[in-house]
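> Using the hints, position chains B and C against chain A.
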Amino acid sequence: MWDIGKKQNPYSDDKLHDACGIFAMMSRSGRTFAGDIPITAMENMHDRGNGLGGGFAAYGIYPDWPELFAFHLMFETKEAKAETEKYLHQHFSSMDGEEIPTRPHPGITSAPILFRYFLRPNHHLLEGLSEDDFVVQRVMHINLKIDGAFVFSSGRNMGVFKAVGHTEDVGRFFKLDEYEAYCWTAHSRFPTNTTAWWGGAHPFSVLDWTVVHNGEISSYGTNRNYLEMQGYFCTMHTDTEVIAYAMDLLARRHGLPIEMVCKVMAPPLWKDIDQMAQADRDLYTTLRVIYGPLLMNGPFSIVMAHQGEMVALGDRIRLRPLVAAERDDVIYIASEEAPIRLVEPTLDRVWIPKGGEPVIVRLDDAAMAKAHPEGRQVLK
Amino acid sequence: MTWEFASPGAFAMAGPTGKITYQPDGRAVVDARGIYYRQLNEQLRQLVKTGAKEIDVINVYGQRYLGTSIPEHVKLRIYGTPGNDMAFAMHGPEIEVFGNAQDGLGNTMDEGEVIVHGSAGDVLAMSMRGGSLWVKGNVGYRCGIHMKEYGDKVPLVVIGGSCQDFFGEYMAGGSVVLLGLGLAAGETHKAAFMGTGMHAGRIFVRGTVDPGQVGKEVGLTEPDAAELEQIRAAVRRYVELFGGDEAEIMATPFVKMYPKSLRPYGRLYAY
Amino acid sequence: MSVMKTHLWPEFIIERNDDRCIRCEVCVNQCSFEVHSFDATFNEVFAEDMNCVGCQRCQVFCPTHALTIRPNPTQPRPNANWRVEHLFDLKKQAESGGIVLTGMGNDKPISIYWDHLLLNASQVTNPSIDPLREPMELRTYLGRKPDRVMFHRDSELPGGPVVPVTQMTPLVPIETPIIFSAMSYGAISYNAQKSLMQAAAAFGTLANTGEGGWPREFRKFHDNVIVQVASGRFGVDLEYLNDAKIVEIKLGQGAKPGIGGHLPGEKVTADVSQTRMIPEGSDALSPAPQHDIYSIEDLGMLIHALKEATRYEKPISVKIAAVHNAPAIASGMVRAGADIIVLDGIRGGTGAAPKIIRDNVGIPIELALAQVDERLRKEGIRQQASLLVAGGFRNSGDVIKAIALGADAVYIGTAAFVAIGCTLCQKCYTGKCAWGITTNRPDLVKRLNPDQCTERLTNLLRAWSREIKEMLGGMGINSLESLRGNRLHLRAVGLNQWEMDALGVKGAGF
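Residue numbers (our numbering), protein chains in the order written: chain A, 1 to 380; chain B, 1001 to 1271; chain C, 2001 to 2510.
Honestly, I wouldn't trust all of these hints.
What the hints assert, rightly or not - Cut-off 25 Å, straight-line C-alpha distance, at most; resulting in silico cross-link-like pairs (PhoX-like, lysine-lysine):
{"no.": "1", "chain 1": "B", "residue 1": "Lys1260", "chain 2": "A", "residue 2": "Lys271"}
{"no.": "2", "chain 1": "A", "residue 1": "Lys145", "chain 2": "A", "residue 2": "Lys7"}
{"no.": "3", "chain 1": "B", "residue 1": "Lys1190", "chain 2": "A", "residue 2": "Lys354"}
{"no.": "4", "chain 1": "B", "residue 1": "Lys1216", "chain 2": "A", "residue 2": "Lys271"}
{"no.": "5", "chain 1": "B", "residue 1": "Lys1049", "chain 2": "A", "residue 2": "Lys354"}
{"no.": "6", "chain 1": "A", "residue 1": "Lys7", "chain 2": "C", "residue 2": "Lys2378"}
{"no.": "7", "chain 1": "A", "residue 1": "Lys271", "chain 2": "B", "residue 2": "Lys1190"}
{"no.": "8", "chain 1": "A", "residue 1": "Lys6", "chain 2": "C", "residue 2": "Lys2245"}
{"no.": "9", "chain 1": "C", "residue 1": "Lys2220", "chain 2": "C", "residue 2": "Lys2245"}
What the hints assert, rightly or not - Derived contacts from chain A toward chain C, CB cut-off under 10 Å, selection only:
{"no.": "10", "residue": "Lys7"}
{"no.": "11", "residue": "Tyr11"}
{"no.": "12", "residue": "Asp13"}
{"no.": "13", "residue": "Asp14"}
{"no.": "14", "residue": "Lys15"}
{"no.": "15", "residue": "Asp47"}
{"no.": "16", "residue": "Arg48"}
{"no.": "17", "residue": "Gly49"}
{"no.": "18", "residue": "Gly51"}
{"no.": "19", "residue": "Leu52"}
{"no.": "20", "residue": "Pro63"}
{"no.": "21", "residue": "Thr192"}
{"no.": "22", "residue": "Trp197"}
{"no.": "23", "residue": "Ser219"}
{"no.": "24", "residue": "Leu319"}
{"no.": "25", "residue": "Ser335"}
These are computed hints drawn from the structure, not numbers from a lab. Predicted model, so just to flag it, every value in this text is computed and none were measured. Just so it is clear, CB atoms sit at the ideal spot from N, CA and C, and this is done for glycine as well.
Okay, chain A solo, but in the shape it has when bound (with noise of 0.2 Å):
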């Protein structure tokens, strides 16, 4: 058995530090964008990071497969690569499993094997598990249990590329301008203590849920705590895995809308729900009491994304910068302004997004239906 927590924090530090440079961008009505816009962009903030991580989400991507999970793993060995395939057969009608297309590049170096499968449940396995989490539990085994093997990607109709390196790079090295996407989220990063490893890059995934991130969790051992009595373990040691966590736990299992997750880990202060009326003065006591935990405190911009919907959000007294932008039915989110700017320079409206007031994007109906026929996160 691996240990990736050894991995990614190989000086035992109390947990991840790093930092970055964000951009996301989503079509409301499901038009797609090719993976140079992103680049582009992120190559324009290339300073934010430091070349040891970056790496990109992309949805809609893999259209003719909307309902397969599509899981990305990278192999340290052969052998790893064989292990996991057999364990992959034994739990999934295994569509197809292919080399994930890269092109050569000079700032992408010591790749893993790096390999994509259209998986579908073997339905007579759930035993009761919704297709989600006996995915999640598929997940965490191949992370944990197999030597070498990492699954980076596991949602349906999309994808994470993520590596060593600059993000415009680590881009290039996937052939991302080849995929057309509805969203792409992108985090260029600046660890200060981990020996960069490929699975360390963001965005960090669960299912279809990913997370970019920029900042530093000041909360991070009072989150983690929390999120590990509710059955999680964090074995990456960092801020964005209990972001990540956070939001699978108050969106998926504890179905609170994604106003309501973005009012927990950004909530109003005291003062504020003080002045409110009574019935949101309520609200806010109760979430804020019931989940003061999982309250994400120091500085942090994240965008989280899942089919059909992205959220940015910054926290409640904007440490870390998040500028917002629209052109049409498209919303570009990102670090600076610039970026934006590069890949369009005519935009209808740019703005300052209030801290702890998250920005929405939500896929029309028609382009749900196309993108994602499974239909809408089904809460419980």
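Same frame as chain A, but now just chains B and C:
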């Protein structure tokens, strides 16, 4: 023969040198597209060294520190979106931006003028000590934070639109005029914690300010006659730069935010 | 509200030997805390013990040694948990509602590892070197060093001339690995700052302006001055940055990690206000963070803003307080472009800090230094930055042990002040320093004669440098760089295994 050595980081993005053309009036035009800030700023320095007094910089996309290292009275016109920390510690130049400015504009700025025909991001004018900043539109969080003044060196910031939270935090001097032109009639500014920790300087806000949205160190009053003249002069210049109607702007009353004490934390300690 | 009777009692007792007292009133004039008074009617000198801070100024200057100042022997019932200090602070807070202030470094017995580290000496297998007659080099270059030398050869034949073509990064030489710490004008007096800069110039080392600006008249010492850019940005302009030898970004201070500073308005005199470029009499507030740095990539942005402002001609230093994650933070700082990293430990001094912070936040410098040096080496980036350490260095033994743990040089503040009069009474924040060091009262400032102080300081540097050479020679080393990070020359006594692991040293005997 020479052994090549790739230095990590510093020169990683050294690109082609920006193309320079000249206008009929002799003004240099630098095309900044694809040029890394270090090369661009060096190029501007060289141009100034060789006598350029006016330079247009076009296709600017996020290059940082424009105007920082040119301690001369030159004029730069920036077309595009200049990067963070424009005019950091700037001493001298006049910069006109045709576009929005990003975060950190006028950081520790000393002398000169920056005019933005658009909006600006967070921490505008942080620790600014002199010169003036003119922003047509809105500004982000923590603008005017810890501005200072000494003697007749009083920085001036004039903002046409509105601001976000922590406006004028820690303010230790200087003058800020916030016009709120985008606000509807009767609409108040949305920022919270305005002037929190303010202990010198003055902020003039057009329209109403709710006592609940200013820091506890801040007093609210009406500007006196002399101050109204200062405001009028600022508005006149604003209108010259960006358009609008001076009389119409001045028709709405201004509120003055002032520090209640030069020593807001004098009683915080046990000796 | 009626006046509250204080429940405090004197911390010090003044004993006057009346047989020796000649009624000269030196004590009356020397005390800036208004302890002594002379009553001509009774020809008697009285003392108000309550005011005494124990600074010993009167005692030192009493021509007949008639005075003894000692801690008040009065004790409440002894209690291992509730010590007298706790009682005093509680009563002060009950009477004021304020945060208890203090000055100087942490005075608690938090593990002082220097006292548990012992140096090596040569015996038999290699010779010790006699520094009085043999060469002994202490020169150190501060700044980022290129990873390798590139050179050009005119011919490929062996033995041909070789010309280095490596573009040198800006580096600053110092002749002894001891620099004067950042202490701002305003927090310290004009004469104190002048003495430090003058001594640094005379000895070939550096003095740091701190964050309170740099008086014009001191700009002549530019080859020996580090300027600071801190959260207050006082007095920072292009000239200030370009006049200096090194520019240091101050993010934290060992005595008060995580908080800013308040120079009280009464210390902001006309001259201080001019140097800081703020109105006279206003509080000089240094915010807790630098508001343009909320993250590691923001630090990179400020580092490069300063490099742009100084045209890449000066090393940029970044100073942090030694805290839990120092190794990770330091690694990020180097990757963000810092050419010099400064770590300030929990025993570092201050002109004013909340006592609760000074005594409870941060970690000892020895542990932070050892771990940061090790982390930077493991990541292969130790060459990319010099490592300076600060925080309670008491003698040359502490300095040389720090070098062996991996430091390039050491900042001293308190030690330098003791050399010019300070007795660590910890009342710097009152602005009444009787020794003229941490005050701006003209009558007190003039007690410091800058030329005499310069001599005291250069004497101190000379003495420590000689001692360092003696110890180096004893180890058979004749150049300081051969000891840098060479922990084989250190052994520990009286430490736990985890402490030895953290320090990267073996126990004595092994």
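> Each hint should be assessed against the structure and marked as holding or not.
Hint check results:
1. B:Lys1260 x A:Lys271: holds (22 Å)
2. A:Lys145 x A:Lys7: holds (14 Å)
3. B:Lys1190 x A:Lys354: Since the Cα atoms of B:Lys1190 and A:Lys354 sit roughly 10 Å apart, the hinted pair holds (cutoff 25 Å).
4. B:Lys1216 x A:Lys271: Given that 25 Å is the threshold and the Cα spacing comes to 14 Å, the pair holds.
5. B:Lys1049 x A:Lys354: violated (43 Å)
6. A:Lys7 x C:Lys2378: Judged against 25 Å, a Cα distance of about 15 Å means the pair holds.
7. A:Lys271 x B:Lys1190: Holds, because 16 Å separates the two Cα atoms, which is no more than 25 Å.
8. A:Lys6 x C:Lys2245: violated (42 Å)
9. C:Lys2220 x C:Lys2245: Holds, at roughly 12 Å.
10. Lys7: Hint on A:Lys7: violated, closest Cβ of chain C at ~15 Å, above 10 Å.
11. Tyr11: holds (7 Å)
12. Asp13: holds (5 Å)
13. Asp14: It holds, given that the least Cβ distance between A:Asp14 and chain C is near 6 Å, below 10 Å.
14. Lys15: OK, holds: A:Lys15 within 10 Å of chain C, min 9 Å.
15. Asp47: holds (7 Å)
16. Arg48: holds (5 Å)
17. Gly49: holds (8 Å)
18. Gly51: Holds - the Cβ of A:Gly51 comes within 10 Å of chain C, reaching about 9 Å at its closest.
19. Leu52: holds (8 Å)
20. Pro63: violated (36 Å)
21. Thr192: holds (3 Å)
22. Trp197: A:Trp197 check fails; min Cβ-Cβ to chain C is 14 Å, beyond 10 Å.
23. Ser219: At 15 Å from the nearest chain C Cβ, A:Ser219 fails the 10 Å test, so the hint is violated.
24. Leu319: holds (4 Å)
25. Ser335: Check passed: Cβ of A:Ser335 comes within 9 Å of chain C, closer than 10 Å.
When the structure is compared with the earlier hints, violations turn up for hints 5, 8, 10, 20, 22 and 23 and for no others.
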